[in-house]
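Visitor: Please model the complete structure; the sequences and the hints are all you need to start from.
Chains as they are written, first to last, in my numbering: chain A, 1422 to 1610; chain B, -19 to 282.
These are calculated hints, taken from the structure and not from any lab test. Any given hint could be a false lead.
Unchecked claim - Once the Cα atoms are required to be at most 25 Å apart in a straight line, the calculated SDA-like pairs of lysine to any residue come out as:
hint, chain 1, residue 1, chain 2, residue 2
1, A, Lys1455, B, Thr128
2, A, Lys1478, B, Asp140
3, A, Lys1455, B, Asn76
Said to hold, decoys possible - Stretch by stretch, here's where chain B covers chain A in the computed footprint (C-beta under 8 Å, at least three residues):
hint, segment
4, 1440 to 1453
5, 1473 to 1485
Using N, Cα and C, we set each Cβ at its ideal position, and we do this for glycine too.
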Amino acid sequence: MASYSTNEFRGGLKLILDNDPCSIIENELVKPGKGQAFNRVKLRNLKTGRVLERTFKSGESVEAADVIDVDMEFSYNDGEFWYFMEPETFEQIAAPDSAMIDSGKWIKAQELCTVTLWNGAPLVVAAPNFVELAVTETDPGLKGDTAQGGTKPATLESGATVKVPLFIEEGELLKIDTRSGEYVSRVKN
Amino acid sequence: MLHRIRAFFAQQNVLEVETPIISKAAVTDPQLESFSTHYKNTEYFLNTSPEFHMKRLLAAGSGDIFQIAKVFRDDESGHYHNPEFTLLEWYRLGFNHHQLMDEIENLLHTLIPEKTRTFQRISYQKAFLSQLKIDPLNVTVNEIKHATKQHKIPVPQGMDNDKDIWLDWLMIEKIAPSFSKNNFTFLYDYPASQASLARLDSIDPRKANRFELFFGELELANGFYELTDAQEQRQRFENDNKIRVQRQQKTMPIDDDLLAALESGLPDCAGVALGIDRIMMLLVDARKINNVIGFGYEFFDE
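Guide: In structure tokens form, the structure reads like this:
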């Protein structure tokens, strides 16, 4: 059985803890001066989405989770499942709502997402770090306002609401950072 | 910073020295991993600290010495660790560890005056008694396990029955966080099992005259009232290597030149190694060691 030693720990590494697959979010070395080192690790349980903290004596090994990341295109959402297609083999999978975590609100059809499969079943779907989405609804733009001004809410075509600068108009295409949920810039056509 | 350090020691008549970075012998401490390299098919190691060479100078009659040295520790990277970092190490003849702590206070007053409000001193034993009501010099592993339950302290994965590893864990989880924030704390007289290169206490040999300095819970320095007994030092090195075998770590070549120097006579002295990068972190309020090191090791970053 494959395993990882604590000195291989890094963000994104997938491990089995308490029989569930988990992904490392943050790994920090702690050491009391000259003494024994420990790794304080923050992980996300990929089944429940919950974040947990664990400490390991450095040098320990932990079972690796047999998960693979596959890039798949989003097709549609039927209210119960989110359907994705592998662009070359056309293989399709259906991911439950629980696997979407935050990703669902950032994606539109044909968006290429990273789908994490565990024993062939979709565990987590990650939206791209940056997406481009059109504004479907927002208050009218203020001419002459600069980037320094305030912000207002804008609804995007994927359904998400983000804070945008006052000069943004309906119909404009925006670049969004899905990790922070923040507006980055306008996209010039 | 480096200028101020040199000015401070010039005033105290402490001589600046330079010693090799690469050596044939290496530290045996099971908690320290040396980088290894080769020269003409022989394995050499990058020093984790300059102490072995500096003690050879002391034994040869150098008098008080200091060094600003690049040191290397494998498998150490994180917010407060970089595998390559800078130590200020110095030795004072005729000092015991408390006199050396006094001098560290004076040095820090000149290096980072805006940060040096108070310095506390607490013994390892007293710190454990006050925070956890256990005496680290007498406690058994079972009693420690019981105390962790009582105080609801989480237990790391992979703990066995090694008492020092349990004490290290309590140190991280309970003792260091109890130190006054934004102030300096000296923790002194560690258990004899963690003596490293310090001499055992002349009155109570269950403890060793070793200390560490913390700012809040961040460790900055480690010092010893130095062990001068060659025989005892050899036993400690050999014991380290036995522990290494048990833990399936590589055994390290013992520094016979250092032991010969101790044999010939190391003057009564105290020495300390202070992490310069961490002092720099305090000076500029940096959260990560990589913020104060040019070209720091690229460890995982959020």
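Visitor: Next step is simple, just say for each hint if it's right about the structure.
Guide: The hints, checked one at a time:
{"no.": "1", "hint": "A:Lys1455 with B:Thr128", "result": "holds, 22 Å"}
{"no.": "2", "hint": "A:Lys1478 with B:Asp140", "result": "holds, 10 Å"}
{"no.": "3", "hint": "A:Lys1455 with B:Asn76", "result": "holds, 20 Å"}
{"no.": "4", "hint": "1440 to 1453", "result": "holds (count 8)"}
{"no.": "5", "hint": "1473 to 1485", "result": "holds (count 8)"}
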